[in-house]
Amino acid sequence: MGKQLSRRNFLLGSTVSLLSGAGMTKLAQALQEEPHTHALQTPEGDDADAHFGMVGNVNHARNGFDPLRMLVDWDYGKVSILPNGQTLREYQFIAYDKEIEVAPGVFFPAWTYNGRVPGPTIRCKEGDRIRIDFTNSGTHPHTIHFHGIHPFEMDGVPGAGPGEIGVGESFVYEFDAEPFGCQLYHCHSLPLKRHIHKGLYGAFIVDPTEGRPPARELMMIMNGFDTNFDSANEVYAVNSVGFEYIRRPIPVKVGELIRVYLINITEFDPINSFHLHAEFFDYYDHGTTLTPTLHTVDTIMQAQAQRGILEFSYRWPGKYMFHAHVSEFAELGWMGNFNAVAAEDFEQALAEAGLDADWDRLALHGSTANG
Amino acid sequence: MTESGSQNSTPRHRFNWRTVLLGLFPLLALGAVIAYFVFTGGGLGELSTPPLEQVNIERITMPEPGVIVLHAVNDGPETLTIAQIAVDEAYWDFEADPSNTLPRLGRATITIPYPWVKQEAHLIKLVTSIGTTFEAEIPAAVVTPKPSGEFFLNFALVGFYIGIVPIALGMLWFPILRRLNPRGMNFILSLTIGLLVFLAVGTWLDALEFADRLAAFWQGVPLLIFVSLISLGALVVIGTVYRGSRRVLDTAYLLSLGIGLHNLGEGLAIGAAFALGQAALGTFLIVGFALHNITEGVGIVTPLVRNPPRFSHFLGLILLGGGPAILGTWIGGFGFNPVLATIFLAVGVGAILQVIWEVGKLVVNESKKLGDPALNWTTLSGLSSGLLIMYFTAFLVKF
Numbered sequence: 001m002g003k004q005l006s007r008r009n010f011l012l013g014s015t016v017s018l019l020s021g022a023g024m025t026k027l028a029q030a031l032q033e034e035p036h037t038h039a040l041q042t043p044e045g046d047d048a049d050a051h052f053g054m055v056g057n058v059n060h061a062r063n064g065f066d067p068l069r070m071l072v073d074w075d076y077g078k079v080s081i082l083p084n085g086q087t088l089r090e091y092q093f094i095a096y097d098k099e100i101e102v103a104p105g106v107f108f109p110a111w112t113y114n115g116r117v118p119g120p121t122i123r124c125k126e127g128d129r130i131r132i133d134f135t136n137s138g139t140h141p142h143t144i145h146f147h148g149i150h151p152f153e154m155d156g157v158p159g160a161g162p163g164e165i166g167v168g169e170s171f172v173y174e175f176d177a178e179p180f181g182c183q184l185y186h187c188h189s190l191p192l193k194r195h196i197h198k199g200l201y202g203a204f205i206v207d208p209t210e211g212r213p214p215a216r217e218l219m220m221i222m223n224g225f226d227t228n229f230d231s232a233n234e235v236y237a238v239n240s241v242g243f244e245y246i247r248r249p250i251p252v253k254v255g256e257l258i259r260v261y262l263i264n265i266t267e268f269d270p271i272n273s274f275h276l277h278a279e280f281f282d283y284y285d286h287g288t289t290l291t292p293t294l295h296t297v298d299t300i301m302q303a304q305a306q307r308g309i310l311e312f313s314y315r316w317p318g319k320y321m322f323h324a325h326v327s328e329f330a331e332l333g334w335m336g337n338f339n340a341v342a343a344e345d346f347e348q349a350l351a352e353a354g355l356d357a358d359w360d361r362l363a364l365h366g367s368t369a370n371g
Numbered sequence: 001m002t003e004s005g006s007q008n009s010t011p012r013h014r015f016n017w018r019t020v021l022l023g024l025f026p027l028l029a030l031g032a033v034i035a036y037f038v039f040t041g042g043g044l045g046e047l048s049t050p051p052l053e054q055v056n057i058e059r060i061t062m063p064e065p066g067v068i069v070l071h072a073v074n075d076g077p078e079t080l081t082i083a084q085i086a087v088d089e090a091y092w093d094f095e096a097d098p099s100n101t102l103p104r105l106g107r108a109t110i111t112i113p114y115p116w117v118k119q120e121a122h123l124i125k126l127v128t129s130i131g132t133t134f135e136a137e138i139p140a141a142v143v144t145p146k147p148s149g150e151f152f153l154n155f156a157l158v159g160f161y162i163g164i165v166p167i168a169l170g171m172l173w174f175p176i177l178r179r180l181n182p183r184g185m186n187f188i189l190s191l192t193i194g195l196l197v198f199l200a201v202g203t204w205l206d207a208l209e210f211a212d213r214l215a216a217f218w219q220g221v222p223l224l225i226f227v228s229l230i231s232l233g234a235l236v237v238i239g240t241v242y243r244g245s246r247r248v249l250d251t252a253y254l255l256s257l258g259i260g261l262h263n264l265g266e267g268l269a270i271g272a273a274f275a276l277g278q279a280a281l282g283t284f285l286i287v288g289f290a291l292h293n294i295t296e297g298v299g300i301v302t303p304l305v306r307n308p309p310r311f312s313h314f315l316g317l318i319l320l321g322g323g324p325a326i327l328g329t330w331i332g333g334f335g336f337n338p339v340l341a342t343i344f345l346a347v348g349v350g351a352i353l354q355v356i357w358e359v360g361k362l363v364v365n366e367s368k369k370l371g372d373p374a375l376n377w378t379t380l381s382g383l384s385s386g387l388l389i390m391y392f393t394a395f396l397v398k399f
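Residue numbers (my numbering), protein chains in the order written: chain A, 1 to 371; chain B, 1 to 399.
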């Protein structure tokens with residue numbers, strides 16, 4: 001063996017010199033060098049940033065809801081006045097299973113309130129009586145748990161009042177709307193993670209008696225979808241459809257006050273965030289105060305179920321981006337644009353987003369305070 | 001059988017329309033059963049489960065900066081649609097040719113205009129229409145070499161260094177082998193068997209690695225086993241039929257072929273390592289392979305010690321044993337096809353097993369002549385030395 005080893009050492013030496021002498025370095029160099037080619041060009045000659053995002057469009061008609069319309073579709077319920085003078089708002093909530101398209105061509109087997117994710121945006125005034133007739137037509141027991149002040153049996157959790165509402169069963173949740181603010185509701189059946197991320201949640205906006213200054217109001221729920229059920233989201237969005245506000249920027253007018261009711265219900269990730277480009281905003285944590293809890297910021301973060309109100313306006317026209325400043329979420333769908341235009345261009349901006357004057361009216365007249 | 005029985009059997013051999021019909025009847029019945037299943041579900045409604053999707057990403061290339069190309073095949077039971085693609089957790093534009101909807105066993109070439117970063121890792125995630133995800137990793141991004149003249153030449157050079165050069169150098173021991181006494185000769189023959197056993201195991205494991213990566217319908221491991229067995233059988237039959245004066249030379253050629261197919265596998269690994277951007281390892285690997293393979297040269301010429309052939313045969317043996325390394329680097333570097341790789345390596349396993357058999361017979365005969373049992377201290381130490389030399393020199397080439 002010893003003899004052979006020494007021979008091999010000799011041979012190794014000669015092999016090495018062979019290699020170094022005869023083009024190995026050249027090969028290594030050739031493989032390391034960038035070929036002299038240009039980057040792939042799109043037919044439009046766009047630059048690289050035109051390539052991010054998703055391919056295709058979502059069929060909102062099939063989904064039964066449109067993230068643009070969801071921004072402003074306040075649900076005031078069936079309104080009547082109780083003998084004591086209190087306003088009663090009655091709602092019908094039906095939980096059922098429905099497949100929804102959360103990204104172009106990607107379908108998610110959701111659990112919904114009234115066939116939409118997020119569920120209806122309850123809008124009321126503080127002190128109103130809220131009565132929700134809830135029927136579970138799904139395949140698992142569900143509840144509605146409101147973030148608000150209410151008696152124990154109305155808490156919508158297992159063990160409180162009726163507890164979980166079984167399949168085919170019904171229950172009426174009833175309580176006074178308080179405190180005012182940007183609140184939310186969600187299913188609290190167990191296992192909680194599954195019942196939340198499957199889509200059972202929605203906004204519960206309680207206006208203060210005195211109202212807030214007139215503004216263009218928009219409701220945004222930051223959510224995510226774990227399409228392969230590995231306890232991590234594949235798609236992130238505001239109001240369920242990834243990149244929808246990139247494909248159709250939200251029309252706003254230069255100079256007007258914009259108020260965003262922002263809620264984070266994203267499952268699996270500890271925080272989500274909101275970052276506004278080219279402007280700063282005042283922030284009302286939980287929306288339970290009439291004066292800002294944060295002045296002049298352009299990024300806020302929210303834990304799950306945390307929410308707040310943002311107020312800002314644009315000085316100049318432009319397509320201003322807003323997105324989670326968790327870059328991963330942003331690039332997986334949670335990214336959008338405001339299309340800020342002069343008043344005379346607003347109609348066109350509406351048309352570009354597939355919206356109409358009715359959408360504009362709802363955005364400007366959402367408050368229940370004076371009506 | 002009675003007489004009447006034999007009379008009856010005669011017309012049955014006749015080929016007429018009734019025979020044709022009888023032959024076709026089971027097929028027609030099968031067609032009817034299939035139609036019944038296709039149109040009615042065969043009454044198995046309750047057993048029907050949601051589709052289990054399966055995508056196999058056979059190959060990823062980066063033809064130029066800013067472009068990633070995937071070759072995907074649907075080896076699940078149903079048609080599926082790749083709805084979105086995220087690269088490094090960012091959804092990205094892509095084009096699928098011919099379509100992003102793949103029928104069972106359908107293929108698509110997917111082009112993603114993604115600004116990948118040289119020498120860094122990237123993760124690609126395919127999201128199907130039902131939200132299932134399939135991931136593929138690029139361990140270190142580099143432009144995939146294109147089959148230009150220069151690259152062909154350079155890759156050929158790599159194959160030359162790891163295949164041709166060490167085998168030729170190993171054969172330089174031939175004069176020394178000729179001076180060995182019979183017991184020394186038996187030691188070297190046994191050493192050759194040890195070397196071949198090592199190569200058989202190594203080739204088998206390499207083939208298994210490729211076989212595991214194949215789309216499910218290829219049935220990689222059975223494919224590997226059957227191709228190996230058929231190759232072994234074919235070579236044994238050839239070896240039995242063509243007995244003659246050139247028997248020893250034929251054994252050397254078969255040995256060379258088996259080793260050649262093994263070296264093809266090594267070439268594949270090296271070519272792929274360069275193509276995948278592990279070029280830094282490449283130089284080290286090449287030195288290692290050269291050292292590792294020098295024993296192969298000794299093995300090939302060992303059976304020829306008693307009857308040295310013409311010089312040209314040595315050149316032929318070197319080419320057959322080392323040449324496939326060049327072919328391997330080309331295939332590995334330019335047109336990586338795991339199916340072909342599995343088949344080539346499986347043939348290699350069969351060929352090596354056949355030569356183990358042939359050289360084994362030589363050892364048995366030599367031992368008999370010396371009045372020893374087949375397995376004795378000489379042959380055992382030869383065998384072990386062969387295995388150990390290969391094992392320890394392999395330290396240089398395993399990563």
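Source of the hints: derived by calculation from the structure; they are not laboratory data.
Where hints are given, some of them may not hold.
Simulated pairs of lysine-lysine, DSSO-like, Cα-Cα distance not exceeding 27 Å [said to hold, decoys possible]:
1. A:Lys-78 x A:Lys-98
2. A:Lys-193 x B:Lys-146
3. B:Lys-146 x B:Lys-125
4. B:Lys-118 x B:Lys-146
5. A:Lys-98 x A:Lys-193
6. B:Lys-125 x A:Lys-98
Computed from the model, here is a short list of chain A residues facing chain B with C-beta under 8 Å [claimed, not checked]:
7. Asn-57
8. Ala-61
9. Val-106
Chain A residues, not near chain B, derived (Cβ > 12 Å throughout) [as the list claims (entries may be wrong)]:
10. Asp-73
11. Gly-77
12. Ala-160
13. Pro-208
14. Arg-212
15. Arg-216
16. Glu-311
Ideal Cβ positions, reconstructed from N, Cα and C, are used throughout, including at glycine.
A quick look at each hint next to the structure:
no., hint, in the structure
1, A:Lys-78 x A:Lys-98, "holds (25 Å)"
2, A:Lys-193 x B:Lys-146, "violated (49 Å)"
3, B:Lys-146 x B:Lys-125, "holds (26 Å)"
4, B:Lys-118 x B:Lys-146, "holds (17 Å)"
5, A:Lys-98 x A:Lys-193, "holds (18 Å)"
6, B:Lys-125 x A:Lys-98, "holds (25 Å)"
7, Asn-57, "violated (12 Å)"
8, Ala-61, "violated (18 Å)"
9, Val-106, "holds (5 Å)"
10, Asp-73, "holds (26 Å)"
11, Gly-77, "holds (34 Å)"
12, Ala-160, "holds (33 Å)"
13, Pro-208, "holds (39 Å)"
14, Arg-212, "holds (36 Å)"
15, Arg-216, "holds (29 Å)"
16, Glu-311, "holds (31 Å)"
Violated hints, in rising order: 2, 7, 8; the structure is consistent with all others.
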